[in-house]
Amino acid sequence: MKIAMVLPIFSEHSMRDYLGINLVVNFLENNDYNVECIDLNETLVTYLLSDQNLLSQLFSTRIAQAKSADSPYLKYFERYLDQICQQGTVSDLKENLFYDYFFKNAVLSNLNLDHYAGKSVSEIHQGLSEAMPILDDFLAFSAKDLTQKGYDAILISVPHIDQFTPGLLLGKHLKEEDFSGTIILGGSSITLLDDGVLSDYVENGYFDYFVKYSGEEKVNGILDHLKAGKPIDQAALNEKIYVDINTQTVDFSPELNHTSVPILYSRGCYWGKCTYCTYIYLDSGKFTRKDPEVLLSELEEFSGKPVRISLITEALTPKDARIIATGILDRKIKITWGSFLRVDTGFDAPLFELLKRAGCIFTAVGVESANDRVLQFFNKGYTRKDVVTFFEAAQKADYRFFQTNFMYGAPMATLEDELDNIAFISEFRKTMGNIAFFRLEITKKSALGRNLEEFNIQVDSNNMRKAIRVDNIPFSVQLDDKDLNLVERAYGAAADYFIRRDLNAAVNTVLEHPDNRLNISGMLLYKYHDGYFVGSMRNQIIKEIPEATFSNLESSKSMHVKDLSREEIMTLFELKILNTDQIFWDKV
Amino acid sequence: MNREKTYFFEPHARFFNFDESSFIIDISDHNLYSLGKSSALMAASLDGEIDMNGIIDIIRQYYSVSVEDGAGAVEKFFQMMLQKHLIEEVDLN
Numbered sequence: 000m001k002i003a004m005v006l007p008i009f010s011e012h013s014m015r016d017y018l019g020i021n022l023v024v025n026f027l028e029n030n031d032y033n034v035e036c037i038d039l040n041e042t043l044v045t046y047l048l049s050d051q052n053l054l055s056q057l058f059s060t061r062i063a064q065a066k067s068a069d070s071p072y073l074k075y076f077e078r079y080l081d082q083i084c085q086q087g088t089v090s091d092l093k094e095n096l097f098y099d100y101f102f103k104n105a106v107l108s109n110l111n112l113d114h115y116a117g118k119s120v121s122e123i124h125q126g127l128s129e130a131m132p133i134l135d136d137f138l139a140f141s142a143k144d145l146t147q148k149g150y151d152a153i154l155i156s157v158p159h160i161d162q163f164t165p166g167l168l169l170g171k172h173l174k175e176e177d178f179s180g181t182i183i184l185g186g187s188s189i190t191l192l193d194d195g196v197l198s199d200y201v202e203n204g205y206f207d208y209f210v211k212y213s214g215e216e217k218v219n220g221i222l223d224h225l226k227a228g229k230p231i232d233q234a235a236l237n238e239k240i241y242v243d244i245n246t247q248t249v250d251f252s253p254e255l256n257h258t259s260v261p262i263l264y265s266r267g268c269y270w271g272k273c274t275y276c277t278y279i280y281l282d283s284g285k286f287t288r289k290d291p292e293v294l295l296s297e298l299e300e301f302s303g304k305p306v307r308i309s310l311i312t313e314a315l316t317p318k319d320a321r322i323i324a325t326g327i328l329d330r331k332i333k334i335t336w337g338s339f340l341r342v343d344t345g346f347d348a349p350l351f352e353l354l355k356r357a358g359c360i361f362t363a364v365g366v367e368s369a370n371d372r373v374l375q376f377f378n379k380g381y382t383r384k385d386v387v388t389f390f391e392a393a394q395k396a397d398y399r400f401f402q403t404n405f406m407y408g409a410p411m412a413t414l415e416d417e418l419d420n421i422a423f424i425s426e427f428r429k430t431m432g433n434i435a436f437f438r439l440e441i442t443k444k445s446a447l448g449r450n451l452e453e454f455n456i457q458v459d460s461n462n463m464r465k466a467i468r469v470d471n472i473p474f475s476v477q478l479d480d481k482d483l484n485l486v487e488r489a490y491g492a493a494a495d496y497f498i499r500r501d502l503n504a505a506v507n508t509v510l511e512h513p514d515n516r517l518n519i520s521g522m523l524l525y526k527y528h529d530g531y532f533v534g535s536m537r538n539q540i541i542k543e544i545p546e547a548t549f550s551n552l553e554s555s556k557s558m559h560v561k562d563l564s565r566e567e568i569m570t571l572f573e574l575k576i577l578n579t580d581q582i583f584w585d586k587v
Numbered sequence: 000m001n002r003e004k005t006y007f008f009e010p011h012a013r014f015f016n017f018d019e020s021s022f023i024i025d026i027s028d029h030n031l032y033s034l035g036k037s038s039a040l041m042a043a044s045l046d047g048e049i050d051m052n053g054i055i056d057i058i059r060q061y062y063s064v065s066v067e068d069g070a071g072a073v074e075k076f077f078q079m080m081l082q083k084h085l086i087e088e089v090d091l092n
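Sequences listed follow chains Z and F, in order.
Residues in the first sequence are numbered consecutively from 0, following numbering that gives the first Met the number 0.
Residues in the second sequence are numbered consecutively from 0, following numbering that gives the first Met the number 0.
Source of the hints: derived by calculation from the structure; they are not laboratory data.
Take these hints with a grain of salt, some might be off.
[Said to hold, decoys possible] Here chain F is said to cover these stretches of chain Z; the calculated rule only asks that three of the stretch's residues, wherever they fall, bring their Cβ under 8 angstroms from a Cβ of chain F: (1) 14-24; (2) 532-545.
[As the list claims (entries may be wrong)] Calculated cross-link-like contacts (lysine-lysine; reagent style BS3-like; alpha-carbon spacing at most 27 angstroms): (3) F:83 x Z:575; (4) Z:118 x Z:143; (5) Z:1 x Z:148; (6) Z:285 x Z:272; (7) Z:285 x Z:239; (8) Z:103 x Z:74; (9) F:36 x F:83; (10) Z:384 x Z:429; (11) F:36 x Z:542; (12) Z:481 x F:83; (13) Z:304 x Z:285; (14) F:36 x Z:429.
Glycine residues also receive a C-beta, built at the ideal position from the N, C-alpha and C atoms.
Isolated chain F, as found in the complex:
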């Protein structure tokens, strides 16, 4: 994945942050996805301004993990979010 890309939530996806019980609601198909702590941290960073590299840094700092582990977890999460059409790439133009 291109780590310099920036993402934000699709209009039909809403994120609610409750620390360890955070979740995303997909209004279009009535799904509710419960998130773990690291996923919640990533989702909370999806403001359309921080790119994936920035989010990898946040995760690494928070969990004191290696570059590889941090990047792997973030990429996996983003892949999943894209597959479920919960996030989209920010069009900077």
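The shape of chain Z in the complex, shown without the other chains:
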């Protein structure tokens, strides 16, 4: 049988980042099914690169704006576009580390479905050819290509709900192309959607079947039935069935070098009561962990390899953290790894010290708030006092989190409540790595979404943010737009500190070795009127530089650290012309 696993647009992550896709593909291949993985995000980039007119359209507005303002960005965009065209392929873009920026800032910012908020998928499908012809043509092109390749089954994986509508649009185009195979939707977002909603889409000709919960055995069963010409029972595909977590392991392969490798540790959450969370419904409600011996053997395979292990769990318990860290040290496993934590005072200073010794340096912690009213609304199960105790323990152990997450925009939160978080971040800034802030979204299945009255949430269809997500409920907040903007700017200003701190650290590391050669790439040097500018292929920043710096950067491709001033090196880091990741990997 000819089978394709397709990742729909728009995903900022590559296909291999999704553990579920890896597990299903591995399972099918172990059962003698050959699966071709097709990342439609990459296909979209290839499609755009194939025709310079299409690429130019992405930049036409920005070039026109720069032209009317007589801005030096005019030449920057022209040079940037020219360089992208010269790259020619996705693999070249990836090799030069241009892909991510190009996809997020050039493709996603132009070709998303955000302005279709509140519209049905059918309305989007009908209006797309007029409103976004590039996207509509691409979907038609993809459907035609997949049809011509004669797949017997196309598995459309929808890990993130933002990809649901694009997945449906692809399914519709495939049906319109008279695709003769079977279209199956799966992924965690599908598990969280109502059976009735999904069945309606089946009836309206978007796809044939959907798979919920663990996909390995179910998809394998569908393929067996298709091969044998037996009927498929959709009801059986909806059932809460999980494969043994101890079989869901990942093997090392050289292609994983220099990547972040997701390894499953648990399903479910040991707390599982946060009012905004729907992930808990992905499992049976039971917190299931992999046998530590199985996990440690899995980790052992990655010992000494240049990878970052991301231990997938909703939240690592203090007890498990101790067992895993001790096991890593006992077995002398040399890895750098991280996981997700919730604020739990069981994490004391000795445990944070142990984690650090065991290579656990990429830990993300979902604080969400340091305000007691908001914490109670989210039912996080801890108070501001606990958050302080938790961070004091980390501080005492000189442990630094890789990322600390906050959430704003709770319907009952005042501006003062929100700013408590900024004050908290400033207090523990030495212990935090990056900070990430997200605006609260209320999904229909969450405790908040199911109990709007109890939580005093007012539905407000005028507050339709990203309502293209079919599972979102628009709601009123106490803060007006100016307040929200102020909160976002405050988070932005706080985040700026962390960026500056890391850039300074990177510059200091580089300056320690004055005779080292600088690995400069992705630099766009140009003159505009009387000014000299440096721009980047990796972010949309240009900087006016002195003529002497311009000549210095232009004159030599083989430049040493000592050839540039601290300020010049800082500029190269800010523009990502020098890459901090390279410093990181060298250190490892």
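Model the placement of chain F on the given structure of chain Z, informed by the hints.
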């Protein structure tokens, strides 16, 4: 300016200290003021107990500047803060 006066933030102004990226938020008019390092140092000293002379001393010690330079920078900053209604004089009575 009277250097023996003591100031603290107006209730609608909140100061957040992030070393080189410190800022003041004025909730009343939704303004966010980014501060440089010396301004952040001054703002961090605004606890209603240290008078302007004390803050001038802190700045002088930190930056090793002359009395005149230190005083000039602090006075300028306080004038600006007063103009924007971000600080008020402490009423010791």
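Structure-inconsistent hints, enumerated in ascending order: 1, 2, 3, 13
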